[in-house]
Every structure is written in structure tokens, then in C-alpha cells.
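Make a model of the complete structure from these sequences and hints.
In case you want the letters, here they are:
2 protein chains.
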Amino acid sequence: MRIVVLAGGIGGARFLRGLKRAAPDADVTVIGNTGDDIHLFGLKVCPDLDTVMYTLGGGINEEQGWGRTDETFQVKAELAAYGVGPEWFGLGDRDFATHIVRTQMLGAGYPLSAVTEALCARWKPGVRLLPMSDDRIETHVAVDLDGERKAVHFQEYWVRMRASVPAQAVVPVGADQAKPAPGVLEAVAAADVILFPPSNPVVSIGTILAVPGIREAIAEAGVPVVGLSPIVGNAPVRGMADKVLAAIGVEATAAAVALHYGSGLLDGWLVDTVDAGAVADIEGAGIRSRAVPLLMTDVDAAAAMAREALTMAEEVRA
Amino acid sequence: MRIVVLAGGIGGARFLRGLKRAAPDADVTVIGNTGDDIHLFGLKVCPDLDTVMYTLGGGINEEQGWGRTDETFQVKAELAAYGVGPEWFGLGDRDFATHIVRTQMLGAGYPLSAVTEALCARWKPGVRLLPMSDDRIETHVAVDLDGERKAVHFQEYWVRMRASVPAQAVVPVGADQAKPAPGVLEAVAAADVILFPPSNPVVSIGTILAVPGIREAIAEAGVPVVGLSPIVGNAPVRGMADKVLAAIGVEATAAAVALHYGSGLLDGWLVDTVDAGAVADIEGAGIRSRAVPLLMTDVDAAAAMAREALTMAEEVRA
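First to last, the sequence lines map onto chains F and L. Per the working numbering, the first sequence starts with residue 1, numbered consecutively. Per the working numbering, the second sequence starts with residue 1, numbered consecutively.
To be clear, the hints were calculated from the coordinates, so they are not data collected in a lab. None of these values were measured; they are calculated from a predicted model. We put the CB at the ideal spot given by N, CA and C, even for glycine. Take these hints with a grain of salt, some might be off.
[Claimed, not checked] Here are some of the chain L residues that sit facing chain F, going by a computed Cβ distance under 10 angstroms:
#, residue
1, G42
2, L43
3, E71
4, A77
5, L79
6, A81
7, M105
8, G107
9, S113
10, A114
11, A118
12, L119
13, R128
[Said to hold, decoys possible] The calculated SDA-like cross-link candidates involving lysine to any residue, where the alpha carbons are at most 25 angstroms apart (straight line), are:
#, chain 1, residue 1, chain 2, residue 2
14, L, K124, F, P86
15, F, K124, L, E87
16, L, K124, F, A80
17, L, K179, L, A219
18, L, K150, L, G85
19, L, K150, L, W88
20, L, K124, F, F73
21, L, K150, L, A219
22, F, K124, F, K150
23, L, K124, L, P24
24, F, K124, L, P86
25, L, K124, F, A77
26, F, K150, F, E251
27, L, K124, F, G83
28, F, K20, F, G249
29, L, K179, L, E117
30, F, K124, L, K124
31, F, K20, F, A80
32, L, K124, F, E87
33, F, K124, L, F73
34, L, K124, F, R290
35, F, K150, L, A108
36, F, K20, F, G183
37, L, K179, L, D27
38, F, K124, F, M105
39, L, K20, L, D300
40, F, K20, F, T273
Right, here's the structure in full:
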């Protein structure tokens, strides 16, 4: 079975770990979000790709969900001693090495997809991890600060400002000119199932879908497309998805997110048991739906969610 | 008193620390060797500049004479885990931060002299540290390996190969097209005294003198130029200077190095007490000479050497 998964960071990575347990023999291709990539200290940092790679490769800091286990922060402390920031982005020493290798390879002319493959040669994530695009795309968030509208990098909005002011708009800068990375459209076309993990519908999956050609390829693949709601009980399971949903005029509910994707894209949508009341509305919009536990408290819980998604995909196919 | 010092790495840095103690009120400009700079992992590493900066700024690893104190090696271990080398060059985590800042600034368009000034704003070395040039110069060493002549980067010859094969030639690649960094010729022209610490006469001071204009400026400055022999008892005090001296046909003796510089450049030359027998030969070549202890066993010993050099400069002037 060939499964294509669109993934953001923590939610996507944890779901993928469950999927690998639920379907150990499946051939999984992950299309990773690169809209939250950022250049820091002259280095190219790809937080979502790395979170997937570290999580599936056994190097993740389990407690925080991102970054490396057994991490130290000597480089960051030294950079601060030089007065070189930003200090709000927590890069550890082990993590720095990944960004140094990536930046060196990019500087030598390799595209991000080739660099990601090279990094994965070490981590052996057990999936094929593709960046959504080799072209530079940066998600910017428009905010009103001191009476003035400003665009800030997504990481600045998310990490430094902790989404403390409303997002007026979310723009994947560069997406309109970008091309899907090599292998992305081929993987979608060859897929038996396409899954949307409980990742952020705006800045993770939404950004992937903003790369011209990807949304169309998924809609036309003719295979079941099943998603899992990142919203449970009218609040994001983690992160601050409600802030960026508001920017695109979508309510922070399991049903609203399903309808935002729409029946043209989505065949099935799993909601949490606390949102069982939304199932009828979602089905009314032409999207198969069911309420199941959607909290990834551990790998077993994530695997159970993956099984539910695959089961729903089979129902859609039948 | 305005003192200009041409400095390589460890020997130069330790001498400078002594000089600062010996002449605390002097205005010291250091012209640092950049011929042993190397690009590693996409980062610009300037070993000699950093050794001076760390030593005078209180951040040096005293035992080894280079690198940072309280150093850790997480980044290096991670790079090795990615299969990215070289592993033979020992960059620690704290040290990496310096190279990251430098590389970022160079990438943003600042010349190396401005970058060095910015780094020194943190370290406050108490001297004005100038790279010999903002242009890229890389010392290469020609060696015969498996019956074939090859050029290797100086660091590869020195650190990886530990100078275990004879150096057939030493070439400061790019020097002939390079210009002295801003301030270098001005400092030489304004100097009251010019000192050559016991640094390597070929790959440290020799490389600085290879930048067109610097040797001429020193020769024409009309002020005392006094050096200290890095060769004691026919052997380098540290390092493997004899290997690269052989490549330029100069014996590894205190007298031969003085004569290599020559009376056109050098006014005074201190040799170690064990080399007292060489004083007559050196004076015979028109260079004032005296035998004094030249082992920098501690800062006091280095300060005593600096005082001897300044005293000799006054004798030359008189």
C-alpha cells in the first residue's frame, strides 16, 4: 500500500510514528511543509522537516516534541555573547549540526530535496521524506503592531510573539512561483491513500496545498483522501491553530476545518469523540465522518488513529 | 608608543599577552596571518586571528594554546554522525559560534577586517587586531604522495598530516593579487616599533610579508624592526617550523632565520641563551642581536621577552 501524508511538524510527525506502527509494510511518502523554514545565523533551518526526521529517526526531544534529545546550548550561548540573535529561537548544538550540513550542501548547489535525502540517510525515518518544494517559500503573517500593519516571519509570530496578537493574514510568500519538489506529484499520482494528519490546516497543510499543482494532483488522484481534525472541542490539540484559522475566516471547530478543505479535496474526516455532534454536519457536506479518540497521548494512541484513518479510506474506496 | 606586531597563532598570541603586560599603555596593532584560514562545513575559520583574539580576550584553552576553554564537541560529533568531515580539524561548539557569526557577516558583505572588529567588540583583546588582508589567501603546501606531487591546504599538511612528509614548496595562494586590509599600511607607517614575535617565519610572518606592500612598508617605515627567534637550539619551540623552513631552503637555526629576513627588513633579533653562539654571525650580517631566555613558559616569561625586544628597539633607534 502506497500512502502519501502531508505533514507539518509535531502533530504530523507523531501521527507518522503511529502510521508506521499501524501499517509497517506500507510505502509511505511524506510531503513536508517548508513554509516555516527560516534563515538563522546564515543557516537554513527547516523545522518541520527536521521534526519529522528526528521523530521517526529516534532523535527527537520527546517532551517538547521538537529539537534533539540530550541537547546542549553552547553555540546559542556564544552567539548571544556576540550579541547575535535572535535569542527567541531555540537552536541546540546537535540541531545546529543539521543546519550546518544542510546549508553547506545547499551552498554547494544541491536542491533541498537532495539535501533532505542525504540527512535522512543518517536518520532512516522509514518513510520517504520530500519537501513540498525545492523553491524558497516563507510563510509570513500580517499583524497590527502599534497601529501599523506589519508582516512578520511565521516563526517570529509563532515562537517569539506566541501568536499573542491576531493574525490578519497568512501568506506563503513565494508559493505562487514555486514548483513541487521532484517526486511529489509522482507520489500523489501513485498513491493508494492520501492522509492529512492532525497538522495545522493553515500554516502546515494549507501551505503545502498552496504550492501550485499539489492540491490539483490530490483532488484528481482518484484515491481516498482522509484527514484527522487538529481541532478537538473547539480548540487546537496543541499550538495556536485557532489564531491562524481566524485569519482565513475559518472557525476553530472540527467541522469548519473539514468544510474549509471541502468535499472536492477531502473524502473522509475523523473528529474526536467530544466532537461527535459535528459528524452529521460534515457528512451533510459530502465528507464521510466518524468520531474517534484523537489525542496522541502515546505511540499506541497515534497508531489507533492511523488505523481509523486507513479503515475510513477503505470505506471510502468501497 | 605605537607598536605594530606581525602575528601568527599560538606563539604570536602568547607573545602579545606578554607585550601587553610589559607595555600596558602602548597602542598595539596586530597584523594577523590569514593564510591558514580554511573553509570547513561551509564556514570561514580563521585560526590565527581567533587564537590571538581568544588568548588576549581570556577565552583560550591554555593547555593546547588554541580553541576555547571549557569546550564541548557536540556539533563535531553530529557532523561525524552525518558522515560530514573533515574529522581531523577540532572545532568545538563554542568555537563554532565564532565561525557562524563570521560567515554570516561575510555573507552579508562585510569584509573580514570589519568582521574581526565586530568579533573583537566582544573579546576586547586590548589590541587592534587587523587581518593582513580582506582578500582570500590560502597557504598551500606541495608534497610528494605516492610518487605524485600534490598541493594540500596548509591545515591539511599541518593538522591532518602533522607535517610527516617533507614540504616541497609553500605557496600563499592568492597573495600576489591581494591588498593589505584597511589600516595595515597606515599602522605600519605610524608605528614607533615593529615586532616579529616568535611566530613561524614561513607560514605565519612569511605569509603576512607576502601580501604586496606590507614588506615594503615595514622596510621603509624607518623605525626599529625587532624579532624573536622561534627556533631555539636548532629546533622550533613548538610546531614544526623546521619542515616549512626546509621547503624554502632555510636551515632551522636562529641565525639562518634572521638572515632569511635579512638586514634590509630586520634591525634586531633576539635568540635564546642556548643559541648565544649565533649572535656574532647575526651581527656580522648587520642585524643587532642578543641572547636572552626565549621560552614563553608563562605570561611573566613572555613579558620579559617583550621587554627585551622593546629595549633592543630603543638601542636600535639610538
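List of violated hint numbers, smallest to largest:
Numbers 9, 10, 13, 21, 22, 28, 30, 31, 34 - these are the hints that the structure violates, sorted from lowest upward.
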